[in-house]
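Chemist: Just need the whole structure built from these sequences, with the hints factored in.
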Amino acid sequence: MARGPKRHLKRLAAPKHWMLDKLGGVFAPRSVSGPHKLRESLPLILFLRNRLKYALTYTEARKICMQRLIKVDGKVRTEMRFPAGFMDVISIEKTNETFRLLYDVKGRFTVHRITKEEGQFKLCKVKEIKVARKGVPSILTHDARTIRYPDPHIRADDTVVVDIESGKITDLETSA
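In this note's numbering, the protein residues as written are -15 to 160.
Hint data in this document are derived by calculation from the structure and do not stem from the laboratory.
Careful: at least some of the hints might be erroneous.
Quick list of simulated restraints, FRET-style, between CB atoms [what the hints assert, rightly or not]:
1) LYS6 <-> LYS100: 32 to 40 Å
2) HIS137 <-> THR43: 46 to 54 Å
3) ASP155 <-> SER122: 24 to 32 Å
4) GLU77 <-> PHE105: 16 to 24 Å
5) ARG(-9) <-> GLU77: 27 to 35 Å
6) LYS0 <-> THR41: 20 to 28 Å
7) GLU77 <-> GLU157: 25 to 33 Å
8) ILE113 <-> ASP88: 26 to 34 Å
9) ASP135 <-> GLU44: 42 to 50 Å
For every residue, glycine included, the Cβ atom is placed at its ideal position computed from N, Cα and C.
Modeler: Structure below.
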């Protein structure tokens, strides 16, 4: 009988866009539940250890996270298996660096260094439009954000520019 979610992930079963080497061990870090799916995200430990090379080992990456130095979309994340996904803004306060996770032409995650001004917003795709209790319109984005009282011109598959600090929509890019 399975009790609860799976907690292990074999290295060979990990998503290919994580670009893990086959002989680096038996297991890979499995993402905890969060705003992005397992196959569409990159755990923070892989971001720190494999992409930025700020840590050499699992323990070093854990120490960096537990010092509350890493922010994902403006919130401090101490869980090193937190799933960072497409268009997430990852900032490291101690080094004054800000990064955005993007895809390259082969569908792999690439770390793009951005300025502080660019790190104030992010682009979100509108997945669906809902009407909540008492007739309140709201939209659901690709990173599991629920934004209430959006612009009535917003439709599914549109792209909205979201201010990270306030969580409000600042601009709209229509898909049609």
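Chemist: Each hint should be assessed against the structure and marked as holding or not.
Modeler: Evaluation of the provided hints:
no. : hint                          : verdict
1   : LYS6 <-> LYS100: 32 to 40 Å   : 38 Å, holds
2   : HIS137 <-> THR43: 46 to 54 Å  : 50 Å, holds
3   : ASP155 <-> SER122: 24 to 32 Å : 18 Å, violated
4   : GLU77 <-> PHE105: 16 to 24 Å  : 19 Å, holds
5   : ARG(-9) <-> GLU77: 27 to 35 Å : 30 Å, holds
6   : LYS0 <-> THR41: 20 to 28 Å    : 23 Å, holds
7   : GLU77 <-> GLU157: 25 to 33 Å  : 30 Å, holds
8   : ILE113 <-> ASP88: 26 to 34 Å  : 31 Å, holds
9   : ASP135 <-> GLU44: 42 to 50 Å  : 45 Å, holds
Checked against the numbered hints listed earlier, the structure breaks hint 3 alone; every other hint is satisfied.
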